[in-house]
Each structure stands twice: as C-alpha cells, then as structure tokens.
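A.B. asks: For the sequence shown, the numbering used here gives the first residue as 1, with consecutive numbering after it.
Please note that the accuracy of each hint is not assured.
Taking lysine to any residue and the SDA-like style, the derived pairs with C-alpha atoms no more than 20 Å apart in a straight line are [unchecked claim]:
no. : residue 1 : residue 2
1   : K385      : R414
2   : K39       : G73
3   : K28       : S57
For each label pair, taking beta carbons as the anchor points, the in silico distance ranges come out as [unchecked claim]:
no. : residue 1 : residue 2 : range
4   : R43       : G246      : 35 to 41 Å
5   : A441      : Q169      : 18 to 24 Å
6   : D95       : Q336      : 28 to 34 Å
7   : A418      : F455      : 48 to 54 Å
8   : A441      : V304      : 20 to 26 Å
9   : A326      : E65       : 48 to 54 Å
10  : E305      : Q78       : 32 to 38 Å
11  : R43       : E305      : 48 to 54 Å
12  : D100      : G460      : 43 to 49 Å
13  : A334      : D205      : 36 to 42 Å
14  : S76       : G41       : 24 to 30 Å
15  : T159      : R66       : 57 to 63 Å
Bear in mind the hints are in silico, worked out from the structure with no lab data behind them.
Where is the CB? At the ideal position from N, CA and C, for every residue including glycine.
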Amino acid sequence: MLMLMAGDDMTFAGSLTGKHVLVVGLGKSGCAAARFLVKQGVRISVSEGGRAVAPASRMVQWLQERGVYCELGGHSPQLFAGVDVILLSPGIPLDIPALDAARAAGVPIIGELALAPEYLRTPVIAVTGTNGKSTVTTLVGELLRAAGRNVFVGGNLGTPLCEYLAGPQEADWAVLEVSSFQLDSAGKFSPDIAVLLNISPDHLDRYPDYAAYAASKWRIVANQGREQWAVINRDDPEILRLLAAGPPASRVFGFGGRGMAGPLAANQSREAAPGPPVDGLRLCLTQEDEHCEEYPLPANELAVEPNRQNALAAVLAARLAGCPPAAVGPALAAFQALPHRLALVATVAGVRYYDDSKATNIGAVISALQGLPGPVVLIAGGLDKGGDYRLLLPAIKEKVRAVVLIGSAREKMRAALAPAVPVTEAADLPSAVRIATQLAAAGEAVLLSPACASFDMFAGYAQRGEVFRRAVRELAEDNALGGGAVGHCPAMEAMFA
C-alpha cells in the first residue's frame, strides 16, 4: 500500500519539449495521453502491464506504426529509470517495483492533470469529493450549457482531459471530475474554480491511512492563487480541519446542508453560517445579504439529500463561472439523475426498490440512508476497500430493519453489523433481491447500496446495478402476473419510475 511520494510530481517543470516520456497503462486515459503526446511531437514509449486487448491493441498498432516502443506484459525497472518523465494512468498500482526504480533515479511521476498548466488553454472547474462528484460535474456542465456556454465535461467522468487537449480546445469552460488518484499526480494543476464536496474514508486499500487520503483530496486547492475560487463543504469536519490547518490562497466559498452558500473565512464553521434554513437554495456571492439569490428546487432527485447539497455546490460553481441567474432554474428542472445513484427502479407491492450501486464507500451508504424514509432493507457487500463498517451503525440503527450481504466482504461486514441489526447472506445479487423482498413490507424500501467495490463479482458498479435492476424487473413481472410471493400489482406501467 503506497501513495505517490511527496515531490514525485512536483519536480515536473511543465513542458515536455525535448523530453522522453513513458506512458504507463493503456486504459482510456493512457491511450488518450499517448495520442496527444505523439501529436505534440513528444518522444514517448509505452508500458502496459497486461496483454493488450481491443481497443488497446489497436492503439499499440497505431503507436508502433509511428515508431513508438511499446512494452507489453510487464513493467521493466530499466525502462522506467531511463526516461525523463513518467505519465501514469490513474488505475496503475503505485507499489510496482518499476516505479520504485524511477523514484530512485529521480524521474518525475505525473498524471494527465499535470499537463494542464502547460497545454490547457481553457479555464477549468474541477470537482472532487468522496461522493457526488459525477453528479456535480454533470450538473455544472448543464448549468453552463443552459447559459449558452460551450462546455467540455470530462476527466475522471467520460472523456479524458488529454482527448480535449489534442483538439482545438474551443470550449468556454472545461468541467473536470477529478479523483484522488488523479490528484496524487497532478503536479502544479491549479483549477480556476475548485469544488470539494466531502471527505470520508475510502480507498484505504490504496492509501496508508485516512489522513493520506484526505490530504490527496485537499490537493485540489493547494496550488490555487488569489484570483481563483475554492468551493468547499462547510459542514464537513475533515474539510474544516484541513481549511484551518492550511487555508488556500484562493477566495473560499462554503456551502452547507441548510441550503445556503457564501464567502467563508478560514476560521468560519457551519455554526457561523448566516440566516435560517431555506426550502430551496440560497447563494450569497458577497458578504452583503442584499446580494443573495434564492432558487427553488424542482420536484426531482435534486430536492432530496444528498443531491440538494450537490445542487447547491454546482449552482455556486456555475454562478462564479458567469452563469446568469435566469439559466439556473431551467437547468435544475431539466436535470436527470445519473444511473445507479439512489435511483428508484420500481415499486412492487408497495415496496420501493432503489439502485445505489455507485455507493462504493461507507459515506455514500450513510448519505443514501439519510436521504430515504425508513424502514429500509439494505443490500450491501462486495470487494472490501479497507473501510470500517462500524461507521454505518448509527444510520443502520435509525433506518434499517435488516441487511442482506453479498460478496467477499460479507464476513467482515457481518462481524461489524450483526450486533445491531439482523443480517442474512446471499450467494449472489438476484438471491439477495429475493431475500430482501421477503423481509420488506409495504411502505418500506429495498436499497442496494454496497459500501464496497464490485470487482469480486462484476465488471464494475454499472453491471452490478444492471443485475439488480433486472432482478427487480423480473420480480415485478412475476408479481404483475400474480405468480409472485409479493402479491398482485395491477399494471407494469404503474410500477416503474
């Protein structure tokens, strides 16, 4: 378990002119980086630890046709130590021996974000946080588009930054989702507007401890200057601790759970936020109350926590980027929740089924439970990421009537949760849906919110969510035909959201 050492990326001067760059990993980001650098005329080599399969195999052919050396099936320390710069894809393990050899040789290790100061000509809004960053990134993009702006939305979400760098860069704003893995190797990346949504334990299978993970998230504001903005969650205790310990040079705005946002001093806490709670969103772009703006929330997913806070952060970032107030309401009303994020799949015999497969950490599960009325039957489990599942107990005691566990983490989760709630194990996800259905009563909810990664049983969280949805739909079809144990429901059209 190893994170990038301090200075691994900070010794990178910015320009790759005359440098030999090694691109490590031929996933989506690595392929985009290699293509961009070749088009820039930079001398590169490539190292891919696994066998190159499509589309990576096509990329290897494209690179070899241009004289690029491609190392496949492993990472050789000699190659890593003999280049000028290493450009690391986010998913590459940080403890491979070849990276140790590069560090010993003093080779800077960077990610694609470190290229932004030299090669990106578009102003940037960067969004990070343990949870909610995809929703906020998407919503910021929609708000700016509603204002008539040309926007690139990508990064960790969808299109890699290097793919945008390789094009004409015609957007008015680049809105980037950035992960902790990307921030580890971000060099002197300094977004014009940085959004930090929350910090709670995650990826502790990669970081030595929670403090290291939190420090990685804080890097989103570390290089900002006085003319830039930081939008941070003033209700998050870890963010407040980091703010007090080392406030950024940028202008800091805070947002919170009472629906309000505004300028925030380094020593200001959530208790210091002015005014009573509001039903919608209230933004103060200056210290004077007469400059505050209020926006009603539409009757969609944004009206429910944690998406209300997500909407507040997104609107604040968009307003700072020049989105006019008139564009905010229509964009909020038109917004559709992203798949597998606390999405209502169906109501069958009075039981609501929610797909929250994207909840791969403990904080996300807590947020989901806080956002739903109880009682809830929770389906959880998967590949453990090093979290302490006892942190779930307060929310579980308040909302959960039973837990159904799947995946390789189920024994660890049972040990943590069984003292507080009835726990059942299932062999697979469809079985878990059937068991949860038997445990839930009309008026209650069945929630898939795993608190774990999916890779022990699925290709990713999206496949896990689709398997859950299919199981629920099969249950609904059986119920509509009168053959299910959950009773009869008159019409399929009335079941699904």
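A.B. asks: If a hint holds in the structure, say so; if it does not, say that too.
C.D. replies: Consistency of the hints with the structure:
Our distance criterion of 20 Å between C-alpha atoms is met by K385 and R414, whose separation comes to about 15 Å. At roughly 25 Å between alpha-carbon atoms, K39 and G73 are farther apart than 20 Å, so this suggested pair is violated. Of the pairs offered as hints, the one joining K28 and S57 holds, with about 12 Å between alpha carbons and a cut-off of 20 Å not exceeded. With their beta carbons about 38 Å apart, R43 and G246 fall inside the hinted range of 35 to 41 Å.
Roughly 56 Å separates the CB atoms of A441 and Q169, a value that falls outside the hinted 18 to 24 Å. Separated by about 40 Å at the C-beta atoms, D95 and Q336 break the suggested range of 28 to 34 Å. Taking 48 to 54 Å as the suggested C-beta distance range, the pair A418 and F455 does not conform, at roughly 25 Å. The given range of 20 to 26 Å is respected by A441 and V304, whose C-beta atoms sit roughly 22 Å from each other.
As the Cβ distance of A326 to E65 is approximately 51 Å, the hint placing it in 48 to 54 Å holds. For the hinted restraint 32 to 38 Å between E305 and Q78, the CB-CB distance of approximately 53 Å leaves it violated. Between R43 and E305 the C-beta distance comes to about 51 Å, which sits within the given range of 48 to 54 Å. Look at D100 against G460: about 29 Å separates their beta carbons, and that is not inside 43 to 49 Å.
For A334 and D205, the Cβ-Cβ distance of about 38 Å falls inside the hinted range of 36 to 42 Å, so the restraint holds. In this structure, S76 and G41 meet the distance hint of 24 to 30 Å, their C-beta atoms being roughly 25 Å apart. Roughly 22 Å separates the CB atoms of T159 and R66, a value that falls outside the hinted 57 to 63 Å.
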